Structures are given as C-alpha cells and as structure tokens.
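Visitor: Sequence lines, in order, name chains A and B. Under my numbering, the letters of the first sequence match residues 1 to 197, in that order. Under my numbering, the letters of the second sequence match residues 1 to 173, in that order.
Just so you know, these hints were derived from the structure itself, not from any lab. It should be emphasised that the depicted structure is a prediction, and the values quoted were computed from it without experimental measurement. Careful: at least some of the hints might be erroneous.
Calculated Cβ distances over 12 Å to all of chain A for the following chain B residues [unchecked claim]:
{"#": "1", "residue": "65"}
{"#": "2", "residue": "66"}
{"#": "3", "residue": "70"}
Footprint (simulated), chain B over chain A, 3 or more residues, beta carbon under 8 Å [claimed, not checked]:
{"#": "4", "region": "9-22"}
{"#": "5", "region": "41-47"}
{"#": "6", "region": "58-66"}
{"#": "7", "region": "172-182"}
Every residue, glycine too, gets a C-beta built ideally from N, C-alpha and C.
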Amino acid sequence: MVGSHDQSAREAELERLLRDLLDEEPLGSGGTAGEVCPEALELRDMARRLRAATQWVPLPEGRQALRRALLAGAGMRGRRTRGWTLGAAAALLVAFGLGAGWVHGAATPSSPWYDLKLAVEDLQIAVLPTPVSKAEMLVRATHQRIAEIQAMATADDAVGLRHAARALDKETEWLREIIASLPVAERERVDHSLDKL
Amino acid sequence: MTAELFAGIYDAHYPRVFRYLLARTRSAQEAEELTAEVFALALEGLKRRGAPLHIGSWLIGIADHVACRYWRLRAAEDHPPLPTEEPEEDPEELALGRLESQRLWRCLDALSAEHRQVLLLRIVAGLSAREVGDILGKTEQAVRSLQWRALAALRRQWMEAQADGRVSRSERP
Numbered sequence: 001m002v003g004s005h006d007q008s009a010r011e012a013e014l015e016r017l018l019r020d021l022l023d024e025e026p027l028g029s030g031g032t033a034g035e036v037c038p039e040a041l042e043l044r045d046m047a048r049r050l051r052a053a054t055q056w057v058p059l060p061e062g063r064q065a066l067r068r069a070l071l072a073g074a075g076m077r078g079r080r081t082r083g084w085t086l087g088a089a090a091a092l093l094v095a096f097g098l099g100a101g102w103v104h105g106a107a108t109p110s111s112p113w114y115d116l117k118l119a120v121e122d123l124q125i126a127v128l129p130t131p132v133s134k135a136e137m138l139v140r141a142t143h144q145r146i147a148e149i150q151a152m153a154t155a156d157d158a159v160g161l162r163h164a165a166r167a168l169d170k171e172t173e174w175l176r177e178i179i180a181s182l183p184v185a186e187r188e189r190v191d192h193s194l195d196k197l
Numbered sequence: 001m002t003a004e005l006f007a008g009i010y011d012a013h014y015p016r017v018f019r020y021l022l023a024r025t026r027s028a029q030e031a032e033e034l035t036a037e038v039f040a041l042a043l044e045g046l047k048r049r050g051a052p053l054h055i056g057s058w059l060i061g062i063a064d065h066v067a068c069r070y071w072r073l074r075a076a077e078d079h080p081p082l083p084t085e086e087p088e089e090d091p092e093e094l095a096l097g098r099l100e101s102q103r104l105w106r107c108l109d110a111l112s113a114e115h116r117q118v119l120l121l122r123i124v125a126g127l128s129a130r131e132v133g134d135i136l137g138k139t140e141q142a143v144r145s146l147q148w149r150a151l152a153a154l155r156r157q158w159m160e161a162q163a164d165g166r167v168s169r170s171e172r173p
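Model the full structure from these sequences, guided by the hints.
Guide: Pasting the structure below:
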C-alpha cells in the first residue's frame, strides 16, 4: 500500500520526467538528486512511445499554402512598426552594457544564452516606470518572439521553436495582465500608444 | 491583431494541433482538413476578441470541439473505427511508425474517456499540466494524479497486448 505522500512524490517525479520529455521548463523546486522511481521511468517510457506514435507522421505539405490563404483572406494589417529591434538593442546596450548587448544579439531560441536574454529583457521591462511604457516594450518583445518563431520554423528547429513559442505565451500573458489592471481611460491610452508602434 | 502575430501563432502551434487531431481521427488527411478548420476559427476569434491568455490550450480546445463534431457526424464519437486486421504486407504498411501507432491506438481505445483525453492533451498535444487542467476543469495537482493513472492504465493495456501476442517482445516499453 502506497501512502498518499509517497504517491504524491511519485506523481511529482513523473511530472518532472514528462516536462523533460516534452521539453518544458523544469519543475521549480525539489529536484531529483537521488534515484528516480522505476515506475515513474516506466510510465515516462510509455509516454515517449505514445508521443512517438504521432510524431512519425510528417506535417502536411499544404500547411504553408493554408497559412498564406488565411493571411490573405483575413485582410490583416501589416507590421505595426519598423526598426524597433534596433531600438531595443540600443536600449539594452545602454541599460546593461556591452555584455548584455552581446547576449541579445547572439542568443537564438535554441541557444543556451536564450534564457539569459529573456531574463535581461524581463528585467528591463520590469524597471520601466509606467504600465504604458511596460506594455509598449512588451509589444516590441512579442514582435521579436514572432520573428524568432518564423526563423526557427524556416530552419526546422523544433526545440528553438518551442522555446520562442513559450516565451511568446508568457509575454502575451504579461501584457494582458498589465492591460487588464488599468482603468478604462488608461487602457485607451495604451491602445492608442500601441497603435503608434 | 497583426498578420505577424497570427503567422507566429500558426507556425508555433500548427504541429501540436495537427498531431492532436491526427490522434483523434487516426487519419492524416482528415487531421489536415480539421486543422485548417481550427485555424480558420481561431483567426476569426483572434480578430474579434484578441489573443487569449493561453493560446496553446485555447487552440486545442477549439480542436477538441472540431474533433467531437467530426465524430458526432459519423456517429462514432470516442470509439473510432479501427482496422481489426493486421496491415497489408507491403513496405509502406510495414513502416515501423505506422505499426507502432496502430498497436498503441488499440491500447488507447481500451482506456476510459477521461484517461484517453488527458493523455492526448498532455502527451500528444504537449500542453502543460496547468493548461490541461484549464481544459478539463481540474487543478494542476489533479492532472498530475490523473496522468499517472492514465499512463499506468495504458501500460497495463500494452503489457496485456504483449502477452496476447499482439505486441512483440522487442516493443516492450
């Protein structure tokens, strides 16, 4: 009979293994320094087998045509801004010095420096004085993530693509939280400001 | 909502939506068509209401509705018709991935609907435990418990299939 505490620990262990399998961020605390529960390893292997059962099928060749058709049919606006990447890079150089600037330029989503680059960007946004300025910088950051996603998709870099997509999700969530926290009048000001970007 | 944002979402999430629908329909052609429908619906949603908090789970939620409707139309939801005989012995049919998939689908079909759903969302679609919880209306901890039980049940099915001779010894996990 397995106690509820033991079972809970095993479930957490399996969760860590699955996060590793699915290339998610590791669990925040309580790393597995000792032996891993054999049953959790068996279940992870079963999960790997199940995942592989759909991964072997190639993605449809028609997906790029669909992408073009959706974008063309949607009548969307084009890119809101140009040259912001240069501006963000310059701000990073001023704020954090040449080392951070090098990280910003060199870190692709599949690079080991990518998390550091995101952390620098987060810090830079966090220290901005107003929600509006934070929102503006976050929009710029999401544009950067999208460019990275497109580059990773072109390069067929699945790991980098997942990292950039995860960062995009987080930044979008942060942006929405900031906007949701504002009074209505302030939200309109943010919208107006974002439209200028 | 900009073209760049939608293009980024499309590039990042197309594979997981397609593979989730592939697992639901067991047909690459059907999955491709349904994936197109999902992104068309998503585009309308994004234009009207903007991006949701968790784009991945939102898209899979749409895919789930589309897949359910697909099976309702065929009056076979939750129990997709699968070939009962072994595949023809030609090189394509003998591809390891396809054989492996068919055997796993049989084991997956023997699970409860809840176990099957959590495995498709968490393992096949690659959603986080939190995102799966959002879809199923469960806490993250409840999803962790459920995924343990679901994987254990799947493994039991796999081992039983092996004992029955449906899975060769070399395929034992």
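Visitor: It remains to establish, for every hint, whether it holds in the given structure.
Guide: Structure-based check of each hint:
no.: 1; hint: 65; result: holds (19 Å)
no.: 2; hint: 66; result: holds (15 Å)
no.: 3; hint: 70; result: holds (17 Å)
no.: 4; hint: 9-22; result: holds (count 7)
no.: 5; hint: 41-47; result: holds (count 5)
no.: 6; hint: 58-66; result: holds (count 5)
no.: 7; hint: 172-182; result: holds (count 3)
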